[in-house]
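My request is simple: use the sequences and hints to build the entire structure.
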Amino acid sequence: MDALPLYLDHAATTPVDARVAAAMAECLTQQGTFGNPSSQHLYGRRAHARIERARSEVAGLIGATMADVLFTSGATESNNLAILGSVRSRGQRAHVVTVSTEHRSVLDACRQLEREGHAISYLEPDAQGLIEVRQLEAALRAETALVSIMHANNESGVLQDIAALAAVCRRHAVALHVDAAQSAGKVPIDVAALGVDLLSLTAHKLYGPKGIGALYASAGQRAILQPLLFGGGQERGIRSGTLAVHQIVGFGLACQIAGVELPGQAERLTRLAQMLWEGLADLPGVLRNGHATRRVPGLLNVSFEGVQGESLLAGLSELALSSGSACDSDSDEPSHVLRSLGRNRELAQSSLRFSLGRYSGEQQVQHAVAAVRREVRRLRAVAP
Amino acid sequence: MDALPLYLDHAATTPVDARVAAAMAECLTQQGTFGNPSSQHLYGRRAHARIERARSEVAGLIGATMADVLFTSGATESNNLAILGSVRSRGQRAHVVTVSTEHRSVLDACRQLEREGHAISYLEPDAQGLIEVRQLEAALRAETALVSIMHANNESGVLQDIAALAAVCRRHAVALHVDAAQSAGKVPIDVAALGVDLLSLTAHKLYGPKGIGALYASAGQRAILQPLLFGGGQERGIRSGTLAVHQIVGFGLACQIAGVELPGQAERLTRLAQMLWEGLADLPGVLRNGHATRRVPGLLNVSFEGVQGESLLAGLSELALSSGSACDSDSDEPSHVLRSLGRNRELAQSSLRFSLGRYSGEQQVQHAVAAVRREVRRLRAVAP
Amino acid sequence: MAEEDPLGAQVRALFMDLAHAGDLDGAGVCRGEAGRVAEGTQVRFSLRLSGTRVEQVRYRAYGCPFTLATCEWLARQLTGCQLSELSAPAISMAVGTPPEWAAALGIPSQRLGRLLVVEDALRQAAGRRSGS
Amino acid sequence: MAEEDPLGAQVRALFMDLAHAGDLDGAGVCRGEAGRVAEGTQVRFSLRLSGTRVEQVRYRAYGCPFTLATCEWLARQLTGCQLSELSAPAISMAVGTPPEWAAALGIPSQRLGRLLVVEDALRQAAGRRSGS
Ligand SMILES: Cc1ncc(COP(=O)(O)O)c(C=O)c1O
Ligand SMILES: Cc1ncc(COP(=O)(O)O)c(C=O)c1O
Chain A
1 MDALPLYLDH AATTPVDARV AAAMAECLTQ QGTFGNPSSQ HLYGRRAHAR IERARSEVAG
61 LIGATMADVL FTSGATESNN LAILGSVRSR GQRAHVVTVS TEHRSVLDAC RQLEREGHAI
121 SYLEPDAQGL IEVRQLEAAL RAETALVSIM HANNESGVLQ DIAALAAVCR RHAVALHVDA
181 AQSAGKVPID VAALGVDLLS LTAHKLYGPK GIGALYASAG QRAILQPLLF GGGQERGIRS
241 GTLAVHQIVG FGLACQIAGV ELPGQAERLT RLAQMLWEGL ADLPGVLRNG HATRRVPGLL
301 NVSFEGVQGE SLLAGLSELA LSSGSACDSD SDEPSHVLRS LGRNRELAQS SLRFSLGRYS
361 GEQQVQHAVA AVRREVRRLR AVAP
Chain B
385 MDALPLYLDH AATTPVDARV AAAMAECLTQ QGTFGNPSSQ HLYGRRAHAR IERARSEVAG
445 LIGATMADVL FTSGATESNN LAILGSVRSR GQRAHVVTVS TEHRSVLDAC RQLEREGHAI
505 SYLEPDAQGL IEVRQLEAAL RAETALVSIM HANNESGVLQ DIAALAAVCR RHAVALHVDA
565 AQSAGKVPID VAALGVDLLS LTAHKLYGPK GIGALYASAG QRAILQPLLF GGGQERGIRS
625 GTLAVHQIVG FGLACQIAGV ELPGQAERLT RLAQMLWEGL ADLPGVLRNG HATRRVPGLL
685 NVSFEGVQGE SLLAGLSELA LSSGSACDSD SDEPSHVLRS LGRNRELAQS SLRFSLGRYS
745 GEQQVQHAVA AVRREVRRLR AVAP
Chain C
769 MAEEDPLGAQ VRALFMDLAH AGDLDGAGVC RGEAGRVAEG TQVRFSLRLS GTRVEQVRYR
829 AYGCPFTLAT CEWLARQLTG CQLSELSAPA ISMAVGTPPE WAAALGIPSQ RLGRLLVVED
889 ALRQAAGRRS GS
Chain D
901 MAEEDPLGAQ VRALFMDLAH AGDLDGAGVC RGEAGRVAEG TQVRFSLRLS GTRVEQVRYR
961 AYGCPFTLAT CEWLARQLTG CQLSELSAPA ISMAVGTPPE WAAALGIPSQ RLGRLLVVED
1021 ALRQAAGRRS GS
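Chains as they are written, first to last, in this note's numbering: chain A, 1 to 384; chain B, 385 to 768; chain C, 769 to 900; chain D, 901 to 1032.
Calculated from the structure, these hints are not laboratory results.
Careful: at least some of the hints might be erroneous.
Ranges of calculated distance between the beta carbons of each label pair, as one might list FRET restraints [claimed, not checked]:
1. A/R93 x B/T413: 48 to 54 Å
2. C/Q878 x A/R19: 36 to 42 Å
3. D/E903 x B/M659: 45 to 51 Å
Selected chain C positions facing chain A (Cβ under 10 Å, derived; list incomplete) [claimed, not checked]:
4. E772
5. P774
6. E887
7. D888
Yeah, the Cβ is synthetic: ideal placement off N, Cα and C, and Gly gets one too.
Spelled out as structure tokens, the structure:
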């Protein structure tokens, strides 16, 4: 077998940290913490205790209290629960403000609300990928029930100024939901300081397992959220279903580790991404997508003029990276995120998203730079 | 530390089979199958291939084709998706028939439909726990959109005659949903032969991991199901969210193993449960709950006259078992399932659910019998 | 912590050793009973007196582990008490009140209702004596 | 199986070795071009003739890996062909049709539209010759 490609797609998903995998494995043995946390016997009580420890680890990463953290199956569910749950619980028709470059789990939940009779405003970010305070302010209406804006964009890596946007929402007494799937564990988040009402997390972008996430929900939001899943009454009745102990244990530890390592990793990944950019920037017709500095560490999105995107990716089979969001890659349409950053169809399609991670180093960046330079030159030489 | 209690609560959750845990662990390493199955690169394609293999293993357990299997976060989600998804997609007010002794994830989804303006009929099983064909037939109306009846009851273990009930539904062209969380892998299921339209599964009751399950949905149902979670378009757009590779791999293998071992285990667990019953039956005032033979192998529910349930359970701390469904155990109310089997409040509360599993043997049954006899006698001796 | 025995060590120890469960017969025995099985808790106390001293205490109880443990705990304490201490209002001074029992034994406050049944039975038994 | 390279081994090999990419100049060179970069695919073929023989084939292409691989594959096959085979309708007999190319190279049928651009360019080039 050939060597595995160099993994540069941490924004799609991360490998599970070995420490996290070990903690999970303990829950997957007959002697281990396998009980149903709802059970009253020792197995159940142990499982329950582990879950509460994990809950405090997740809460700790984002400055929340344990009561604010509801476990879900991932950020897709968290986004749906936040958006559908907070708007459906209102009797009347409501208005929601979001951004055209949100993740599909936000946009499609909003579209569902439109089908249910609610109104949605889609803000357009500027050519740097940013939403301005005035823009948000202008979109708010008397009947606005919710604003949903992501922290770090999954394609461009651009970070919104959530504190400033949250201040607008607070001033207008509108709830703010933030999809932090791509930023949690990579940049500091303090829900209390930011004044966010709802915030979505997923474990598999921060070296935890896939299929587990959380919704941070303030007490006020918890009181009104309509569940998506009804049943056993777990998670304060807002999210029923047997709690997946090993998943939650892994998620908790992943958050704890991410929090401890955040300052060092943020600095390191910012430097590596800069090195990557500098290694490519002197090629002609190379454009960095999104704001140069307001971005999540380790993510770099670059368009290459005159190079067809699919061929570029295919030529780089020694690298594992994506030309758009992995979540979107079933469709053939050029990325709406890159289009909104001012790229035309071809440039949007000829973009590469490099997302470095905990196990990426300088050597790997150099390897990636060399491969991309080679392939861009080769394909340009072939082009008419 | 003391020895762990003897685990007799497999209906609440099962430990993960060591083979399943090993397969999952492979997905939780940096060299393993950790990719996002939506990614186009090798990591993604490998993950996708493993998922499709698991899908065929799950399909194989229930006689379905791969296309019919939609992965969810567990039976709670599958039940909600089946019930809310198939009824919400109809414009008009619809009618649903279910049973008063269903799992709370079915009952509470039905209650939500009532809040949304639909009508629900709750059938009452007979004193053996069974629903008769005539009963179902009588409840059907012109506007009945769905019938939801569980296969094995999680408290009593009673198995409904799904084939007969499905025939009624087919005759009236009404869709049938079956919650098979407690029966899958324990009794043979063939969705095609049964003529079921929707069927819920969960991995953690058949030695797979918690937090993963599936909904079997016929092509006709797939065409109309309204998603609970919107987003990336995974699972044919019916269930968005990054697929949890390790979870699905574990679920698939667990189904495969359960299928292979089913005949032997069913025979063995039926015999062990009978031995357990015989070990207790000669005590005075001991009542078996539910039909004597139409039951899922390994589950025995017994009420003890003149013994307070909580004290009985507390006295049996060397055994891990439950006095009701673990999922219901947060509430103090006596089990509605046992009440419907004709038990009064006290008898319902003084019941024990023994659920034996793959790792239970004769010696453990004897140990359990001795402990229960001792404790019943002790508490009766104390009683006025 | 959530992992611990929800009964607590003290209740567990009492519950597992209900040595004073039983009945007393004969002269000088006062009985008191309260609660009903159908309501989930029923308690009967029997006290044997010798002069002014409580010589023996027995109880029978149907109820949760906290109820049984409390009966056992009280029986142990009452044995050897002076009679006067058991007269109707004085009983609480001798053995305390249900909230005090709950505090002493680490019993969750939701269970207080059941301890009131225990107190009732004990008051009945003691009342029989002092009224007779 | 889903795990395999979605290009397939043959397309992968061609795509990684686009040896015939380039232009031809001078006498006896016919060129044909089709598609537009803005539409995702653009292809140019240059054929150098020597007597009745196709002596050299070069192409330039902007497009997906299947497009580039098909260009390379055709260039290899066309080299050495007799001129007559390239005349307008005969071209399909010489090198087949896009559905045949897709079948030969294992190209998914959704990509057929792009192969039509390749065919157009080739027809143009061949047409120049036969028409000239
Ligand atoms: C910004 C963003 N939100 C939401 C999601 C969905 O999260 P999950 O994969 O946990 O469903 C993703 C990635 O998949 C994401 O990048
Ligand atoms: C019959 C039945 N249905 C549904 C469920 C819920 O399944 P899950 O735990 O996967 O959410 C359970 C058990 O928890 C069950 O026993």
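These are the hints, each one checked on the structure:
{"no.": "1", "hint": "A/R93 x B/T413: 48 to 54 Å", "result": "50 Å, holds"}
{"no.": "2", "hint": "C/Q878 x A/R19: 36 to 42 Å", "result": "40 Å, holds"}
{"no.": "3", "hint": "D/E903 x B/M659: 45 to 51 Å", "result": "47 Å, holds"}
{"no.": "4", "hint": "E772", "result": "7 Å, holds"}
{"no.": "5", "hint": "P774", "result": "7 Å, holds"}
{"no.": "6", "hint": "E887", "result": "27 Å, violated"}
{"no.": "7", "hint": "D888", "result": "28 Å, violated"}
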